[in-house]
Amino acid sequence: MTEDRISIIVPTFNEAENIERLFLIFKKISKKLGDYEIIIADSSSKDNTKEKAEEKAKEMDLNVKTVNCGDRDLSNSVVYALEKAKGDIIGIMDADLQHPPEMIPKMADKLKENDIVIASRFVKGSEIRFGLKRLFISKVYRLLSYLFVPKVFRIKDPASGFFVFKRKILKNVKLNPIGFKILLEILAKADYKDVEETGFKFRGRKKGESNFNLKQSILAFKHLLRLYMSEKEHFRFLKFCIVGGSGIIVNEGLLFLLTEFFGLYYLFSGIFSIEASILTNFFLNNIWTFKDKKKGSMLKKLGKFNLARIFGLAINFGILWGLTYAGMHYLLSNLVGIIIATVFTYISSIWWVWENG
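Numbering follows our numbering, in which position 353 of the sequence shown is assigned residue number 353; successive positions increment by one, without gaps.
Just so you know, these hints were derived from the structure itself, not from any lab.
Beta carbons: idealized from backbone N, C-alpha and C, even for Gly.
Misleading hints may appear alongside valid ones.
What the hints assert, rightly or not - Derived BS3-like pairs (lysine-lysine); straight-line CA-CA distance at most 25 Å:
1. K295 to K151
2. K295 to K156
3. K291 to K239
4. K84 to K168
5. K86 to K28
6. K168 to K189
7. K133 to K166
8. K27 to K151
9. K222 to K133
10. K84 to K171
11. K124 to K65
What the hints assert, rightly or not - Pair ranges (Cβ atoms, derived):
12. K106 to G296: 32 to 38 Å
13. L267 to K133: 43 to 49 Å
14. K31 to K86: 18 to 24 Å
Generate coordinates for the entire structure from the input sequences, incorporating the hints supplied.
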């Protein structure tokens, strides 16, 4: 049991059929929760979810607060409920019982060593029962999260809807989510250090209808784009491309010089020109593109960057040879190789080379 007060926020929309079963579980674990409050953040349900929650809370003597969130979506209902919450610890979970409330006391206890604890669907000990379509969408969304919000790269399930965190990590943070993925918004913007993920059995919904649909998938991707723009990662990519452009000048210029004036075979020229562009790109990226990521040894980063570029070089070199062999001019072949290798190198850079900065 944690000594701090915990506010458990449960966003709802037409979940009246699940309220009684949910509250029965909360009643069983109420002593383990200690000083708690349950906040039902209801988005104008048409099945009287809010009224059902108030009725059952009174019957079971539970500390429940209901909040009318109007037409807000799930994430914004959570943000609205956060303003009403009194706890130093915040828990977020769904009302459909796919998230087991019994886990909350242990998750809250783990906050003694962590800032955020996530019930993850993709770590050891987890069990999920998704259809192939939803599983595919979840996997794609996770990969896009890593690309658009590099800060969450180490998180296995940045889209989980079941987690607890210390309220203080949101001090002076403005949350502006879209759709269902409130955790990603918090991970992208909050001030935290330690995150732990714990496996759980993702239960099947027994009553009510799922709110997951194509519209929510589209909103989730819009949210990713908003985070990408608001966190200024697009400026980082622009800088990376500018540096890459300077590398193209070095690469193409040296390739032309060595091939046309020194008579080297174009493939040998390509080796020297590519390595020269690797070195110039690294130093420019280190002092400009990733200047906010100073942590760690520059030599180690240089080693990682070169290792990443070995694979990029293989891509560049293979395309240079393949397209030239197919009849394309060697300079144009090299340019195509540079572009494709640059995309690969950017992903490697944000996920690996400078990810600990």
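Consistency of the hints with the structure:
At roughly 14 Å between alpha-carbon atoms, K295 and K151 fall within 25 Å of each other, so this suggested pair holds. At most 25 Å may separate the alpha-carbon atoms for a hinted pair to count; K295 and K156 meet this at roughly 23 Å. With a C-alpha separation of about 11 Å, the suggested pair K291 and K239 falls inside the 25 Å cut-off, and the hint holds. As the CA atoms of K84 and K168 are separated by approximately 15 Å, the hinted pair is consistent with the 25 Å bound.
With a C-alpha separation of about 22 Å, the suggested pair K86 and K28 falls inside the 25 Å cut-off, and the hint holds. Taking the CA atoms of K168 and K189, the gap is near 13 Å; set against the 25 Å cutoff, the hint holds. A C-alpha spacing of about 34 Å is found between K133 and K166, which places the hinted pair above 25 Å, so the restraint is violated. Restraint check for K27 and K151: the C-alpha separation of about 37 Å exceeds 25 Å, so the hint is violated.
Among the hinted pairs, K222 with K133 is consistent with the structure: their alpha-carbon atoms are about 19 Å apart, no more than 25 Å. Between K84 and K171, the direct Cα distance comes to roughly 15 Å. Compliance with the 25 Å bound is thereby established for this hinted pair. Using a Cα cut-off of 25 Å, the hinted pair K124 and K65 is violated, with the two alpha carbons roughly 35 Å apart. Checked against the hint of 32 to 38 Å, the pair K106 and G296 passes, with Cβ atoms roughly 34 Å apart.
In this structure the hint that L267 and K133 lie 43 to 49 Å apart at CB holds, the actual value being about 46 Å. Between K31 and K86 the CB atoms are about 19 Å apart, so this pair conforms to the stated range of 18 to 24 Å.
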